[in-house]
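J.: Listed below are the residues making up each chain.
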Amino acid sequence: MGAWFWWMILGMAIVTYIPRAIPLTFLEGRELPEAVQNVLRNIPYAVLGALIFPAVLFIQDNIWFGVIGAIAAFAIAFTGANVILVVLGTIAILSIYGLWFG
Amino acid sequence: MQEHGFTSGLKAGASIAIGYFPVALTFGLLAKTTGLSLIEATAMSIFVFAGAAQYISLSLITAGVLPALIVVNTFIVNIRHFLMTAALNEKMQPDARWKKALYAFGITDETFTVLATQRGDNIRTSFAAGVIVISYGSWVSFTALGHLIGASLPAFLQASMSIALYAMFVGLLVPSMKGNRKVVSLALIAALFNSLFYFTGWLSTGWAIMVSTLASAILIELVSRKGVAA
Numbered sequence: 001m002g003a004w005f006w007w008m009i010l011g012m013a014i015v016t017y018i019p020r021a022i023p024l025t026f027l028e029g030r031e032l033p034e035a036v037q038n039v040l041r042n043i044p045y046a047v048l049g050a051l052i053f054p055a056v057l058f059i060q061d062n063i064w065f066g067v068i069g070a071i072a073a074f075a076i077a078f079t080g081a082n083v084i085l086v087v088l089g090t091i092a093i094l095s096i097y098g099l100w101f102g
Numbered sequence: 103m104q105e106h107g108f109t110s111g112l113k114a115g116a117s118i119a120i121g122y123f124p125v126a127l128t129f130g131l132l133a134k135t136t137g138l139s140l141i142e143a144t145a146m147s148i149f150v151f152a153g154a155a156q157y158i159s160l161s162l163i164t165a166g167v168l169p170a171l172i173v174v175n176t177f178i179v180n181i182r183h184f185l186m187t188a189a190l191n192e193k194m195q196p197d198a199r200w201k202k203a204l205y206a207f208g209i210t211d212e213t214f215t216v217l218a219t220q221r222g223d224n225i226r227t228s229f230a231a232g233v234i235v236i237s238y239g240s241w242v243s244f245t246a247l248g249h250l251i252g253a254s255l256p257a258f259l260q261a262s263m264s265i266a267l268y269a270m271f272v273g274l275l276v277p278s279m280k281g282n283r284k285v286v287s288l289a290l291i292a293a294l295f296n297s298l299f300y301f302t303g304w305l306s307t308g309w310a311i312m313v314s315t316l317a318s319a320i321l322i323e324l325v326s327r328k329g330v331a332a
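Sequences listed follow chains A and B, in order.
Note that my numbering has the first sequence beginning at 1, numbered continuously upward.
Note that my numbering has the second sequence beginning at 103, numbered continuously upward.
Next comes chain A alone, as it looks inside the complex (with noise of 0.2 Å):
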């Protein structure tokens, strides 16, 4: 890559620290209004689903991989496992599967 490919990351790492900077300096101190504090304490759970679905379900080409890697991972959650063994275990599951019918 030449020269260029320096000034894009320049560019890249600018543009992706402007979204994750401005919030959190700009408001910091600012009481904002009610509603908008609630919307904002609603966000955390909201981005959650909208994370795992539905782009769990195409993790590998096979489709199986993400429908049972989701219903381990809530499985495992739904016990009070912590997060690390949610993640661990449904890892173990997945690598099972994946050996013996892969």
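I should point out that these hints are in silico values taken from the structure, not numbers from a laboratory.
None of these values were measured; they are calculated from a predicted model.
Idealized CB from N, CA, C, for every residue including glycine.
Treat each hint with caution, since some may be false.
Lysine to any residue pairs mimicking SDA-like chemistry, simulated, CA-CA at most 20 Å apart [to be verified]: (1) B:K134 x B:P277; (2) B:K201 x A:R30; (3) B:K134 x A:A3.
Computed from the model, here is a short list of chain A residues facing chain B with C-beta under 10 Å [as the list claims (entries may be wrong)]: (4) P23; (5) P33; (6) Y45; (7) V56; (8) I76.
Among the chain B residues that face chain A by a calculated CB cut under 10 Å, a handful are [stated by the list, open to error]: (9) S117; (10) T136; (11) N180; (12) R199; (13) W200; (14) A203; (15) F258; (16) A261; (17) M270; (18) S287; (19) L294; (20) F295; (21) A310.
Given chain A's structure and the hints, the job is docking chain B onto it.
T.: Using the frame of chain A, we list chain B on its own:
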């Protein structure tokens, strides 16, 4: 004051580090096949630190797209972080602007979800630093490793590890879902909107996640008229 500080942050971020491992390794490998040197591939992970945008940039480089357009596309893909960091700001301890400007660099979809689902409304800056350091370390070092070894994991492990970040999202969501219909509705409606956008192709991924999230958050707020007690 040691509790919920840097070390707790490292622990909370460990799932992200595991999840980034196969993604960063593959990125390093793809970067190599795209023609990036080890330094160039690693530099992109060091300075940009945005998984989806970095992957897309590789396919755009291969397609011969103008670098300026790749930058514009990166911005569009990452616009959703405006929403996430605005939400995160409500949860973080008040702190000096330069410190917030510093850790803002490390806010990704994954670090955001780990931070924003912590209990309480006063997450410490040191905790955020811990979550970010372990995630960033994983992202950068495994990018370099992927380029160096020039191969991905054994097929079965690559396949099973591709679930890691999604399993983490589930693991973060479920504890809040229990006995809380509002959280269930928020996740479910956002998931439905996002699936609709995906299958109809009405919006590209970055926009789809932002619009579904915002639509669900506002809709549920109008219906319930009361915030989630975190």
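J.: Which hints from the list above does the structure break, by number from lowest to highest?
T.: Violated hints (numbers, rising): 1 and 5; every other hint is consistent with the structure.
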